[in-house]
Structures are given as structure tokens and as C-alpha cells.
Amino acid sequence: MRINCPLCGERASDEFSYLGDATPGRPPSGASLKEWHDYVYLRDNPRGPHHEYWHHVGGCRAWLVIHRDTFTHEIFDVGLACDIEESVG
Amino acid sequence: MSEFTYTSPLAGVIKPGVYGASKTAPGVAILETWRSLYSIMPRNGQQSVVSGVTRERYGLPLPDIGRVTSNAEHSMIWSGLNQWMLAGALNETDINFPELADALKDMAALVDHSHARSIIRLSGSQARHTLAKLCALDTHPRSFSSNYSAATRMAHISTLIHQIDAAPLYEIYVPRAFARSFFSELCEAAAEYGYIAEPLRRDP
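Chains H and V supply the protein sequences, listed in that same order. Numbering-wise (the working numbering), the first sequence opens with residue 171 and increments by one. Numbering-wise (the working numbering), the second sequence opens with residue 2 and increments by one.
I should point out that these hints are in silico values taken from the structure, not numbers from a laboratory. The beta-carbon is built from N, C-alpha and C at its ideal position, and this holds for glycine as well. Accuracy of the hints is not assured; some may be wrong.
Stated by the list, open to error - Beta-carbon label-pair distances, calculated as ranges:
1. V/H116 <-> H/F246: 40 to 46 Å
2. V/A110 <-> H/Y211: 31 to 37 Å
3. H/F246 <-> V/V14: 36 to 42 Å
4. V/K106 <-> H/R217: 48 to 54 Å
5. V/K134 <-> H/S199: 50 to 56 Å
6. V/A192 <-> H/Y223: 38 to 44 Å
7. H/G190 <-> V/N45: 20 to 26 Å
8. H/Y188 <-> V/F5: 34 to 40 Å
9. V/K134 <-> H/I245: 52 to 58 Å
10. H/Y223 <-> V/H157: 21 to 27 Å
11. H/D214 <-> V/D65: 36 to 42 Å
Construct the entire structure; sequences and hints are all you get.
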């Protein structure tokens, strides 16, 4: 599998580390214990399209958000996490 | 500048000499070198201001992704997301760190890496083929040439490659704790072409 890093271009996947599910959103500070429990501990395990954090640890060290299919391994989109976080905020 | 003396991690690892298959016409030269080295990470929104400062002081604006700006002595090497490496002259301590830190105060994070990296100069007619055995980067002149940089893995080690000349001449920055592993892997890759090995000539 190769990942197209927005900065470095196409690189072998062994340059990257998977760093978790990118879908959970941090609850507001006044959220209930149940909401925090969900956010901290509970993860879906989808068979299909998924947003994930990856780190280009063997290259430019950027955190990435990768939209990919966990079943076919097809990658639809790769973006810099900092850009995506900023657009959300 | 520093009261600490740089000690090469490759000291005593290899004697200067010619090794490998072809001792009469070695295709690769592997030279250890040293440079003052500083990482520069501009704070949010400060990149163009920082670039102005480095342009004014060294004639080196911050280059684009995967590129290097250089003059006769210094290089400004793109090394990662929002990070550049300012490399000093060959085997000289010639960058005034406190002055630079003062000039970039509140604009950028500046870290001294001068003793943290081992630098290997790779040249010779077979240098590119040697590199091809170590990393998956396309180093053909159509996609990688002078004043290009890339951060990639070689021998499972995170490295920074700076192509200095089309001849070709590369400099490879390796975390110093991994210098021996990298050096032995590089020599292994170069052996079929024959190689000249030259450890650091003097401690700067």
C-alpha cells in the first residue's frame, strides 16, 4: 500500500504510523460522563469507508487525515490534519 | 561557539581507504562531514517574516516543500511540515546561534542539531544506484536534482536527503545514534561498485 502524502508525494505505507480513528469529536467541557466515556473509549469498527489519523513519521512528520476503505484498502483522500482541524474550527 | 566538542559517532568504525569490488575505479565516495545545523520552525503565520530574516542574514529565504536554497557556504533545507534546517559551512562552526535566536525571537522555534546528526556525503558515478538500494525515492534527474530535499526512511532510519549537485552529490542527515547502522548499510550497498570511505578528517 502506498499513501500519497500531501507534502512528500507517494510513499510506502511503512513510512507511516496509524494513529487512530479521526471521526470522534471532542465533547464540550460541560458534557456528561456518558459522552466523555463514548469519546475516550468507544470506537466503531467499520467495514468500509473510514476517516483515520496517520502520521508520516518516516518522512515529513505531518499528521494526516486519510479517508480510506478498511475493506478494499482504497484511499479516497489524504489531507493534512492541521488544515482539516482549522477548517472545522 | 559551543564549549562542547563534536565527536563523530563513526570514529574508529572504518579506516580511510578504498573498499568493495572495484579498488581501481570505485564508483562511490562516502565521506563523513560535519556542519552547524539548526532547525527553524516558524510560529503560526510567521513563515514569511522568518523567511525575510533568513534572507537578510544569509541570503537564504525559506524554500518550498522539498527544496533547498543555498549559497556558497550555507543551505536552508526543507525538512518536514513547517520545518527547515539551516546548515552551516563544511566542517566550520560559522553560524552565531545566540544572534540568530535573537533575530528570530517570538517568530520561530530554533533548535541546535549540530551534535545530533551525522552527515554523510555521497558522490560518484554509482551514487544514485547505491541510493536506489536504500530508499524508494525516485532520484532520477527528471524528478530529483540539485537543491531538492526529501525526508524518507533508509534502513528503517529516518533520514534527510539533500542533493547538492547534479554530478551527483548528496548529503544524507542521519540521527547520530543510528549513524553506525546507516553507515554499514550504505557501505554494504556500495560494495558492488567499490567505494572510497573517509571518516571525518578532524573534529571541528
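Results for each hint:
1. V/H116 <-> H/F246: 40 to 46 Å: holds (44 Å)
2. V/A110 <-> H/Y211: 31 to 37 Å: This hint holds: roughly 34 Å between Cβ atoms.
3. H/F246 <-> V/V14: 36 to 42 Å: violated (47 Å)
4. V/K106 <-> H/R217: 48 to 54 Å: The hint (48 to 54 Å, Cβ to Cβ) holds, given that V/K106 and H/R217 are roughly 52 Å apart.
5. V/K134 <-> H/S199: 50 to 56 Å: holds (53 Å)
6. V/A192 <-> H/Y223: 38 to 44 Å: For H/Y223 against V/A192, whose Cβ atoms are near 41 Å apart, the range 38 to 44 Å holds.
7. H/G190 <-> V/N45: 20 to 26 Å: With Cβ atoms ~24 Å apart, the hint holds.
8. H/Y188 <-> V/F5: 34 to 40 Å: Between H/Y188 and V/F5, where Cβ atoms are some 39 Å apart, the hint holds.
9. V/K134 <-> H/I245: 52 to 58 Å: Violated - the Cβ-Cβ distance for V/K134 and H/I245, about 27 Å, lies outside 52 to 58 Å.
10. H/Y223 <-> V/H157: 21 to 27 Å: Since the Cβ atoms of H/Y223 and V/H157 sit about 22 Å apart, the hinted range of 21 to 27 Å holds.
11. H/D214 <-> V/D65: 36 to 42 Å: Hint holds: Cβ distance 39 Å, inside 36 to 42 Å.
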